[in-house]
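Top to bottom, those sequences are chains F and E. Here the first sequence stands for residues 0 to 390, where the numbers follow numbering that gives the first Met the number 0. Here the second sequence stands for residues 0 to 438, where the numbers follow numbering that gives the first Met the number 0.
What the hints contain is simulated information worked out from the structure, not anything from laboratory work. It is possible that some hints are incorrect.
What the hints assert, rightly or not - The calculated DSSO-like cross-link candidates involving lysine-lysine, where the alpha carbons are at most 30 Å apart (straight line), are:
hint	chain 1	residue 1	chain 2	residue 2
1	F	LYS310	F	LYS224
2	E	LYS162	E	LYS181
3	F	LYS346	E	LYS252
4	E	LYS355	E	LYS285
5	F	LYS346	E	LYS355
6	F	LYS145	F	LYS64
It should be emphasised that the depicted structure is a prediction, and the values quoted were computed from it without experimental measurement.
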Amino acid sequence: MKITIEQSVLLKGIAHVQGIVEVKSTFPVLANILIQTKGSDLQLSTTDFTIDAVELIPCTTVSDKGSLTVNAHTLYGIVKKLADGTQVEIHKADDSDLVSIRAGRSVFKLPTIDSADFPEIRSEVALPNQFDLTISELKTIIDHTKFAMSTDDTRYYLNGLYIHVKDYKHENPESNEAPILRAVSTDGHRLARVELPLPEGAANIHPPGESGFIIPRKTILELRKLIDEDMGKDSLPIVKVSISNEFIRFSYGNVVITSKLVDGKFPDYERVIPTTNDKRLEVDCASFRLAVERVSTLSTELSKVVRLSLKDRTLTVNVSSSENGSGLDEIEADYNGEPMEVGFNWKYLLDVTDQIQGGIALFKLADSNGPAVISDISDQSAIYVLMPMRV
Amino acid sequence: MTPVKGGFALVDCNNFYCSCERVFNPRLEGRPVVVLSNNDGCIVARSAEAKALGIKMGAPFFKIKEQLEQQRVEVFSSNYTLYGDMSARVMSILTDAVPRSEVYSIDECFLQLDGLWQPNESHARLPWASELRQRVRQWTGIPVSIGMAPTKTLAKLANRIAKKQTSGVCDLGLDPDSAAVKAALADFPLEDIWGIGRQWSVRLQAMGVSSALDLRNLPDSWLRARMGVNGLRIAAELRGIRCHSLESEGVDKKSCVVSRSFGRSLRELAPIRAAVATHAARAAQKLRHDGLLARQIRVTLMTNRFAADGSHHGAESYESSLAADLGRWSNDGQIFVAAATRLTEAIFVSGKAYKKAMVFCPVLESESRVTADIFAPVETAQQRRLMAAMDEITSRYGRSSLKFAAEVAGGSRGEKWEMRRDRISPNYTTRMSELLRLH
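Isolated chain F (complex conformation) (with noise of 0.2 Å):
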């Protein structure tokens, strides 16, 4: 195999695809990168048995076609370091194992692994459920819930982002409201629930009162990498999903990322957002999100709790630490129940109150050990519950 191809187009296109190898790996070829010719064009793919990634970059020349595999990360930091715009040349002669990197006057002989040994990319498998999603749709889902998600194995079931169409007609036939699309995430201390209007072709995803899909967490912060680097550009792409009940593939620009989806059931979330919660406290998010960070200063390792003290229009933020003393911050509030104290993970409030856009904060309560229900109070779109920690 013998190509060229500008350097700011490999490195874009490894960029693309190397977040996607594990550091370490058990088997060696998948700490590699499969380069191949398609036509004038330079397919790369990685994977990871779980998610597959793959891009089409055009090369300058095709002199030999071939494939090859080579470990990624050493690849990417190579062609990251050479000069800008400079043409690099990939070349594997045929009885050797070694592959020649060569840009200018820098020279590097990687070894490589056979192509063949290489696991099957799985971004040709037909998926039968297609929809579209614009980029800032898909930026607001995950956004909004990506702190949400689980890392903890032994839940590998709350590892990821769960995306259902929640049709209110099935549930309820003499409902008027339109079926949505719905992503949820939580790690068992707060919850984050968002929703779009349903997009075209999502109907019928799954069965209507069917569970619906669990996307690996790995899978949703590489697509977040993805779409940043488009962010605010005056046209942006849409990204295509497609579906089945055992893989999920978003397609973007010239980018496809093939996932496994969890194989497990998401509990019954709806059970644990409460609907009775009557103390309401509005709050100033910024000034409230300042509060909270200063008085944290003070939090340790011990302790993470920030109490929240309410009374009528005042809220009174403070954290307490033999080891660190003590601070309180009082901000101006709006809040119709009795007196009441209830403790946070300073962190899950500030975590919350990043995702809400406008001016006011809205805090449904129960008591001291019930879960609160947040929101921005102007946009219901998103909703997020947090668990209360002893005070």
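Given chain F's structure and the hints, the job is docking chain E onto it.
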């Protein structure tokens, strides 16, 4: 204004368990006394006279029983109710003596001496310590030793010296470079330094470091490279630089074990289940006391590992163990007892002669660090109040005054699981019926 530095005092009760036995039994004064571990297993405390007879710490009682009888040693089963109560009395006097203190163990207490004296009043330190020692002895009957020094590590060292002196007090002063401190360090074995275990002491000796003074004089770079930041801290403390302050919050425990041997081997499920329920209730109560929560509970049942002659049963010994997730972070006795009972029923094998049961909570979290689980049943304020009420009652009227039903279920043959405590002294201070009588 910053108070004048006064360093620390470490007050340590002398041969504490033996001293507690002597308080209510004056005929033991001057006689060798030992206290046995749970189930009368091995020696866990020795009076000075018993030490002088060469009785080893940890020696199995059944092996030296005859020797003890010949030497007319007074032998007691451990009476933790008495020791706990006596400890509370001693600690109450000590903590009243200074503004800041740290109860370090059942028989040790650090006192912070800052601000007690002006710089020109250093002569008042020793009389103060002697008077405090006298007060503890007079009010409780317990003899204590007091070591005073600029840092906690040096105070520990001073206390060791105090124990060997008839006065029972030792003040190394506030100058860590004084001849007295250097002489004390030069004479002090490595393994007795606070924070240096036996392994480190062997390793250090192999490197040519043989005394506390040698360790203190090592360069920081050497200490950091070989012993890490802890080694550096120990050396700094020996140089009089304060690295350890008083710990007002107890250091977090990493796990919790409640384990007892049965008074005799048990073959029936009912008494074993009652024993495990008691251990589980006790584990939950300990966690509540320490403000900790567990997520998992493990029950282990064991047969006797030793034959009557002390030889090892080897392959014939049997042990089975099973863990369960509690489904939430908890210290609720009801949840612990229910889970432990289920586990016991699952691992019990009929026909085995069980000798010991253990309840183990492998991972603990502080209550102030745990956010409730969204999918677990919400622990109601009522449940918490119930546990608090139970703790209040048992602390006032004794642990046996209120139990879970599962703790008292007996077997059809009326098998009892309680520990063997054939030589226990009366609960002189906590049970009305066992008060000392003067005739």
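Hint check:
1. F:LYS310 - F:LYS224: 43 Å, violated
2. E:LYS162 - E:LYS181: Holds, at about 19 Å.
3. F:LYS346 - E:LYS252: Holds, at about 24 Å.
4. E:LYS355 - E:LYS285: Holds: E:LYS355 and E:LYS285 sit about 20 Å apart, inside 30 Å.
5. F:LYS346 - E:LYS355: 44 Å, violated
6. F:LYS145 - F:LYS64: 41 Å, violated
Violated hints, in rising order: 1, 5 and 6; the structure is consistent with all others.
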